[in-house]
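**Q** Here is how the chains run, residue by residue.
Number of protein chains: 2
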Amino acid sequence: MRILVLGGDGYLGWPTALHLSRRGHDVGVVDNFARRGYDLEMGVDTLVPIAGLQRRVRVWDEVSGLHVEPYVGDLTDAEFVSRVLRDFAPDTVVHFAEQRSAPYSMIDQKHAVYTQVNNVVGTLNLLYAIADVDPSIHLVKLGTMGEYGTPNIDIEEGFIEITHRGRTDLLPYPKQPGSFYHLSKVHDSANIMFACRIWGLRSTDLNQGIVYGQETPETDLHPDLATRFDYDGVFGTVLNRFCVQAVVGHPITIYGSGGQTRGMLDIRDTLACVELACTNPAEAGEFRVFNQFTESFSVSQLAQMVVDTFPGRVEVDHLDDPRVEKQEHYYRAAHTKLLDLGLVPHLLNQSTISSLLQVVDRHRDRVDLGAIRPTVQWRATSSTLATAGSATRESEPTDA
Amino acid sequence: MRILVLGGDGYLGWPTALHLSRRGHDVGVVDNFARRGYDLEMGVDTLVPIAGLQRRVRVWDEVSGLHVEPYVGDLTDAEFVSRVLRDFAPDTVVHFAEQRSAPYSMIDQKHAVYTQVNNVVGTLNLLYAIADVDPSIHLVKLGTMGEYGTPNIDIEEGFIEITHRGRTDLLPYPKQPGSFYHLSKVHDSANIMFACRIWGLRSTDLNQGIVYGQETPETDLHPDLATRFDYDGVFGTVLNRFCVQAVVGHPITIYGSGGQTRGMLDIRDTLACVELACTNPAEAGEFRVFNQFTESFSVSQLAQMVVDTFPGRVEVDHLDDPRVEKQEHYYRAAHTKLLDLGLVPHLLNQSTISSLLQVVDRHRDRVDLGAIRPTVQWRATSSTLATAGSATRESEPTDA
Numbered sequence: 042m043r044i045l046v047l048g049g050d051g052y053l054g055w056p057t058a059l060h061l062s063r064r065g066h067d068v069g070v071v072d073n074f075a076r077r078g079y080d081l082e083m084g085v086d087t088l089v090p091i092a093g094l095q096r097r098v099r100v101w102d103e104v105s106g107l108h109v110e111p112y113v114g115d116l117t118d119a120e121f122v123s124r125v126l127r128d129f130a131p132d133t134v135v136h137f138a139e140q141r142s143a144p145y146s147m148i149d150q151k152h153a154v155y156t157q158v159n160n161v162v163g164t165l166n167l168l169y170a171i172a173d174v175d176p177s178i179h180l181v182k183l184g185t186m187g188e189y190g191t192p193n194i195d196i197e198e199g200f201i202e203i204t205h206r207g208r209t210d211l212l213p214y215p216k217q218p219g220s221f222y223h224l225s226k227v228h229d230s231a232n233i234m235f236a237c238r239i240w241g242l243r244s245t246d247l248n249q250g251i252v253y254g255q256e257t258p259e260t261d262l263h264p265d266l267a268t269r270f271d272y273d274g275v276f277g278t279v280l281n282r283f284c285v286q287a288v289v290g291h292p293i294t295i296y297g298s299g300g301q302t303r304g305m306l307d308i309r310d311t312l313a314c315v316e317l318a319c320t321n322p323a324e325a326g327e328f329r330v331f332n333q334f335t336e337s338f339s340v341s342q343l344a345q346m347v348v349d350t351f352p353g354r355v356e357v358d359h360l361d362d363p364r365v366e367k368q369e370h371y372y373r374a375a376h377t378k379l380l381d382l383g384l385v386p387h388l389l390n391q392s393t394i395s396s397l398l399q400v401v402d403r404h405r406d407r408v409d410l411g412a413i414r415p416t417v418q419w420r421a422t423s424s425t426l427a428t429a430g431s432a433t434r435e436s437e438p439t440d441a
Numbered sequence: 042m043r044i045l046v047l048g049g050d051g052y053l054g055w056p057t058a059l060h061l062s063r064r065g066h067d068v069g070v071v072d073n074f075a076r077r078g079y080d081l082e083m084g085v086d087t088l089v090p091i092a093g094l095q096r097r098v099r100v101w102d103e104v105s106g107l108h109v110e111p112y113v114g115d116l117t118d119a120e121f122v123s124r125v126l127r128d129f130a131p132d133t134v135v136h137f138a139e140q141r142s143a144p145y146s147m148i149d150q151k152h153a154v155y156t157q158v159n160n161v162v163g164t165l166n167l168l169y170a171i172a173d174v175d176p177s178i179h180l181v182k183l184g185t186m187g188e189y190g191t192p193n194i195d196i197e198e199g200f201i202e203i204t205h206r207g208r209t210d211l212l213p214y215p216k217q218p219g220s221f222y223h224l225s226k227v228h229d230s231a232n233i234m235f236a237c238r239i240w241g242l243r244s245t246d247l248n249q250g251i252v253y254g255q256e257t258p259e260t261d262l263h264p265d266l267a268t269r270f271d272y273d274g275v276f277g278t279v280l281n282r283f284c285v286q287a288v289v290g291h292p293i294t295i296y297g298s299g300g301q302t303r304g305m306l307d308i309r310d311t312l313a314c315v316e317l318a319c320t321n322p323a324e325a326g327e328f329r330v331f332n333q334f335t336e337s338f339s340v341s342q343l344a345q346m347v348v349d350t351f352p353g354r355v356e357v358d359h360l361d362d363p364r365v366e367k368q369e370h371y372y373r374a375a376h377t378k379l380l381d382l383g384l385v386p387h388l389l390n391q392s393t394i395s396s397l398l399q400v401v402d403r404h405r406d407r408v409d410l411g412a413i414r415p416t417v418q419w420r421a422t423s424s425t426l427a428t429a430g431s432a433t434r435e436s437e438p439t440d441a
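Protein sequences, first through last, are from chains A and B. Counting in the numbering used here, the first sequence runs from 42 upward without gaps. Counting in the numbering used here, the second sequence runs from 42 upward without gaps.
Pulled out of the complex, with its shape left as it was, chain A reads as follows:
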């Protein structure tokens, strides 16, 4: 298949592109380097050094003999989107190209507006371009399990049959997203569902859990193929951050009680799920939703697993939760559709965590302790980003 990966320079976009390339697909990647720009803005950096996109593409050529075609541009530029679709003529577009951090979207008014405009307009432009250029293109869109929030009933995959006052209908599952970022994904899902209905487009919404891990069979082939590893308070995800904290001797920071439970998956399963969605496309006019995670854990359980795996001593700290979220809640979410398509999950175990800890250990001299602490408060309308420098100046030695 011809597959275009939008956001193909990012944490998951890049390894997905390589995986699809090695699996025999013709792959193009599109990126505007917004993700690298956020690091510059915040004064932080990926733990694992990463090469530039053109260098990555060149190394992949050399190592694999396979070509990935890079396109540099912005999805909010409608003409660029149409031009790339016409030029690459994909069968499938995999869309990772969104601002994907909840804390980043909650920094202040400008970041909230940026996140929603960037994500919603980029996706709208893509829908129009697909409808204009080739409505048979299958859109595989990265959503998030966070769209659902934490309802007190089972979470289904996108739709729920509701019986009410003696009548029954299958309706979109009610959403209760927890940040302006998560809201942008809900907006996207609604826009995409509508485009499938009016224009007969085909789309798969992958409501993904929290991803952990950094190594994939393809990125392991050369250091310049590595993908990024975020551990900072804004873009770092929970398990990756806990591993960094363990290795550098910083207490593991749990927000609130730690009872918050979320769906999670291994980075290698992200690649497998995206490929399964691509090779088993939605029907024309179909908007389908897959819940893309393999296991659920509470934050406390994750912390305990790191404590149990790390060879040295690890302390656990509970911080005031900077987010507004339920800390103890019911959580049971369906995730059978990708398993039905053949997904064989990599489940989280001590060996996975060990390899994560090894990744961190190799780059421990790059850890910036000042970047870890959460600085964005949901209850405030404006938070100051503690850049590496200022945080270091402000914090006590015991605090780092």
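I should point out that these hints are in silico values taken from the structure, not numbers from a laboratory. Bear in mind that the values here come from a model prediction, so they are computed numbers and not experimental data. Be aware that one or more of the hints could be misleading.
Since the list gives no way to pick out one identical chain from another, each pair is judged satisfied if it fits inside one copy or across any two copies.
As a list, the in silico EDC-like pairs of lysine to aspartate or glutamate whose alpha-carbon atoms are at most 16 Å apart [to be verified]: (1) Lys-151 - Glu-120; (2) Lys-378 - Glu-198; (3) Lys-151 - Glu-110; (4) Lys-367 - Asp-210; (5) Lys-378 - Glu-327; (6) Lys-151 - Asp-118; (7) Lys-378 - Glu-197; (8) Lys-367 - Asp-349; (9) Lys-151 - Asp-173; (10) Lys-151 - Glu-82; (11) Lys-151 - Glu-327.
Chain A is fixed; fit chain B onto it per the hints.
**A** Leaving out everything else, chain B in the frame of chain A:
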């Protein structure tokens, strides 16, 4: 109360401002004249001539002895929004200031993106400004019954109790909006609900039906207090348009079978509902939803009522439905919350339609037949607007 009406120069915003002013509230109006700009873009005009905002305000001063404070600016300008809230210091903000035409949002990519960015960013800026300036301000937001679509179960007011696999929760009612405009209102509702949750804001979402009528006790006091009357294929709403067609001897144009059923209300009830929402504010942290309509009618029923009321002969034409919508469907929607607060509806009858027909008759020389036909096709990604001139040139005499 001090009430700031955003979009206070528009079809409903202006008469709402006058009504609230006459009821003893201190009223300010904010507008960027976007609505007048759409007319210029499309080459159409309101059937009833309207004065400029500053002139309207001056006449209201003279006629009533009451002052309405005008602010000219754009909600997508965050600094303007904060400045106005600080300056006027409202107890309540009534938010009409959105692009409100479904066909306009479906013209093409630019109009879809404009509609969603204008509406979503304006509302986001407002939420941030309220949280910063005074979180006790009550936000009364105009939504639409079109957010719900036409599910096969009863529509409730914003939330629905769902029992699923033995567990029960009260969840946001699933939405199935039918245009990029309606989607923008769904996005707004989700953003507002979240802001109430994290910042303790108070908001009432008024999911309004289709409004008919043009005269209110206040606008009737002077010709320069009149509000607009739209009958064109893009901004004209169904009953207003049917009355124009009857008066000028044009067949009434039903899209499709006419089985489409919608909630409707008299313009005077809009004013009463908004005032009831203002004077009975939501609690701090509360996001509540009122379904703001008084009766449901199918399009065919409305056409028949015009046929029965108009003294002359009226033909009825069925056009291919330019929209993608169910033409025959179940429709039963709750609307008790505003009645519980004391709303006494003006129900639709021959006398209401007669006065509408009289309004049209007074201005029948201003009717542009070329503007009536629907030009925006939901199934197309780009529609040409038939401006008055080109439509007149293109249409056969029998067609007008």
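**Q** State for each hint whether it applies.
**A** These are the hints, each one checked on the structure:
In the homo-oligomer, the alpha carbons of Lys-151 and Glu-120 lie at most 16 Å apart only across protomers (11 Å), although the nearest pairing inside one protomer, at 25 Å, exceeds that limit. Proximity of Lys-378 and Glu-198 under a CA criterion of 16 Å is satisfied intra-copy only: 8 Å inside one chain copy versus 33 Å between copies. In this homomeric assembly, Lys-151 and Glu-110 never come within 16 Å of each other (Cα to Cα): the closest approach is 33 Å inside a single copy and 29 Å across copies. Taking the shortest alpha-carbon separations for Lys-367 and Asp-210, only the inter-copy value of 15 Å comes in at or below 16 Å, while the best intra-copy value is 29 Å.
Taking the shortest alpha-carbon separations for Lys-378 and Glu-327, only the intra-copy value of 15 Å comes in at or below 16 Å, while the best inter-copy value is 37 Å. Taking the closest pair of Cα atoms, Lys-151 and Asp-118 come within 16 Å of each other only across two copies (11 Å); inside a single copy the shortest separation is 20 Å, beyond that limit. Within a single copy, Lys-378 and Glu-197 get their C-alpha atoms as close as 10 Å, which meets the 16 Å cut-off; across copies the closest is 31 Å, which misses it. Neither within a single protomer nor between protomers do Lys-367 and Asp-349 lie at most 16 Å apart by alpha-carbon distance, with minima of 26 Å and 57 Å respectively.
In this assembly of identical chains, the alpha carbons of Lys-151 and Asp-173 lie at most 16 Å apart only when taken from different copies (14 Å versus 32 Å within one copy). Taking the shortest alpha-carbon separations for Lys-151 and Glu-82, only the intra-copy value of 13 Å comes in at or below 16 Å, while the best inter-copy value is 30 Å. With identical chains, the CA atoms of Lys-151 and Glu-327 are never at most 16 Å apart, being 35 Å at best within one copy and 25 Å at best between copies.
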